[in-house]
Amino acid sequence: MIELGTQSDIKLINEEGLRNDGRKFNELRPIRIEVGVLNRADGSAYIEWGGNKVLVAVYGPREAFPKHTQNPSRAIINARYNMAAFSVDERKRPGPDRRAIEISKVISEALEVAVFTEQFPRTSIDVYIEVLQADAGTRIAGLTAASVALVDAGIPMKDMVVGCAAGKIDGKVVLDLNKEEDNFGQADLPMAIIPRTDEIVLLQMDGNFSREELEQAVELSKKAATYISNLQREALMAKYKSQESEKEGERSE
Amino acid sequence: MSAVSKSADEIVYGLRREYLEKISAEGNRIDGRKFDETRQAVVNINFVPRAEGSAEVRLGDTRVLVGVKVEQGEPFQDTPNSGILTTNAEMLPMASPTFESGPPSEDAIELARVVDRGIRESKMIALDKLVIKEAEKVWVVFIDMHILDYDGNLIDACSLGAVAALLNAKVPASKIGAEDYPLPINHVPITITFAKIGSIMVADPNLEEEEVASARLSVATNENGDVVAMQKGLSGSITQQELFSAVDTSIKLGKDIRKRVLGR
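First to last, the sequence lines map onto chains C and U. 1 is the number of the first residue of the first sequence in this note's numbering; add one for each residue after it. 254 is the number of the first residue of the second sequence in this note's numbering; add one for each residue after it.
Next comes chain C alone, as it looks inside the complex (with noise of 0.2 Å):
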């Protein structure tokens, strides 16, 4: 049953059982991560996921700043979402708006599960996310970038943590909604875990799950996390091996 009135002609499934970008129902956008693109921050990240671009700062830990927001026994995780004006077909107006604020409410939240706040008493660490491009998923791609760029500030975490969504379109659960799948769809789950301890510290949803389907879904996205996972990690690696040869690079010279 679809109940989306005259949005429901439109098939997002076709006869062979693949999605409007040729995707399986499984199959995740195809993403890229890449460590330390910042020169004045003390990490960053940049990560391509399907159409998204999301670009992200680390800066600290450092003195947290109005002093009332200090805790004396942790660290504060400040994570900002924004979204660039031209990132979306029609002009955003610039500046947090009510669910820029919860997003990144709900980031920091999660990045603090991870994160050793109780070595950093009284500082803050601030995460920039900035979405140049959105294209359904930003929250958990940021997410996800803002994780690697956290280890690239050298912050000390227990895991790293891994976004992805899974979703509801013609009435089946797949992996990963594209901007018109999200657009048209029934469903959204967006969530992240951290892999090492299979905890859930982000989950959201709206639409219409059955119990079986959010089952489904949520299986869905824990399968594609053990994947950005590695893509994580490859991404680090690869930071380090560049910097690696181009040392050699120099003693050769």
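Hints in this document: simulated from the structure, not taken from any laboratory. For clarity, every value in this text was computed on a predicted model and none was experimentally measured. Where hints are given, some of them may not hold.
Stated by the list, open to error - For lysine to aspartate or glutamate, the following EDC-like pairs were computed, each having C-alpha atoms within a straight-line distance of at most 16 Å: (1) U:Lys386 - U:Asp289; (2) U:Lys390 - U:Asp479; (3) U:Lys508 - U:Asp289; (4) C:Lys158 - C:Glu118; (5) C:Lys92 - U:Glu359; (6) C:Lys172 - C:Glu219; (7) C:Lys105 - U:Asp360; (8) C:Lys53 - C:Glu130; (9) C:Lys172 - U:Asp479; (10) C:Lys67 - C:Glu130; (11) U:Lys322 - U:Asp397; (12) C:Lys105 - U:Glu324.
Fit chain U to the known structure of chain C by using the hints.
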């Protein structure tokens, strides 16, 4: 605040947290409820007759007042055939010594958005039936939630209040020369929130429980037992088992509240 008083607060907080985790591990809650038991919910509809719909909700000692106003407005350009729903929460300074006046806090924004999501995503209101003239004039439904007394779990109290107020709201069509009619309703979503204390998930946390919780999970379900919205909050984590047991409890408690409190 001086460093000394803050650390004293921290010590008290630590003790309280330890105590609540201890008793929950032993199977108890501070107010004697079972883990999956909500506080008594009392809904007083039409508290503000001036509004098109209203409900005062007491959930234990938490008290909120929800008013619904229905007014004419322009539709959004991308949805010319749909009425508009907007939700706002006012965490009034009268409700708690920790609430401050001023622009809405992060917490107030999250609260409003989570309540909104449950109503919007369940398709509770038939927004397509709120069109006066396509692409020109539609009915706009404003849900304003006032927090009067804060003893925990504002999400469930506000969700229940908003749903109750909407169920009894009228579209003031007499203002445009027609007859008033009840707001068109498709579904009745119920939101149940859990707090994780130690390794136990308790339904409908009171303030003491909420303050020591590591994680929070809200699940909105409809009368078919489908999940229509969820939100995890606070800087802790939940396991997959905890998620699904919370979903099951929400479906069960939702059915009960829908029938017992809302008569649906």
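Evaluated hints:
1. Distance restraint check for Lys386 of chain U and Asp289 of chain U: the Cα-Cα separation of roughly 47 Å exceeds the 16 Å cut-off, and the hinted pair is therefore not satisfied.
2. Simply put, Lys390 of chain U and Asp479 of chain U have alpha-carbon atoms about 33 Å apart, too far for the 16 Å limit, and the pair is violated.
3. Taking the CA atoms of Lys508 of chain U and Asp289 of chain U, the gap is about 13 Å. The hint holds against a cut of 16 Å.
4. A C-alpha spacing of about 12 Å is found between Lys158 of chain C and Glu118 of chain C, which places the hinted pair at or below 16 Å, so the restraint holds.
5. Only pairs whose Cα atoms come within 16 Å are accepted, and Lys92 of chain C paired with Glu359 of chain U is rejected, the gap being roughly 21 Å.
6. At roughly 14 Å between alpha-carbon atoms, Lys172 of chain C and Glu219 of chain C fall within 16 Å of each other, so this suggested pair holds.
7. About 9 Å separates the Cα atoms of Lys105 of chain C and Asp360 of chain U, which keeps this hinted pair within 16 Å; it holds.
8. This hinted pair checks out: Lys53 of chain C and Glu130 of chain C have alpha carbons roughly 9 Å apart, not beyond 16 Å.
9. For the proposed pair Lys172 of chain C and Asp479 of chain U, the alpha carbon gap of about 15 Å is at most 16 Å, so the pair holds.
10. A hinted pair counts as satisfied when its Cα atoms are at most 16 Å apart, and Lys67 of chain C with Glu130 of chain C does not qualify at roughly 26 Å.
11. Between the alpha carbons of Lys322 of chain U and Asp397 of chain U the distance comes to roughly 8 Å, so the proposed pair stays at or under 16 Å and holds.
12. Straight-line distance between C-alpha atoms of Lys105 of chain C and Glu324 of chain U comes to about 32 Å, which puts the hinted pair past the 16 Å bound.
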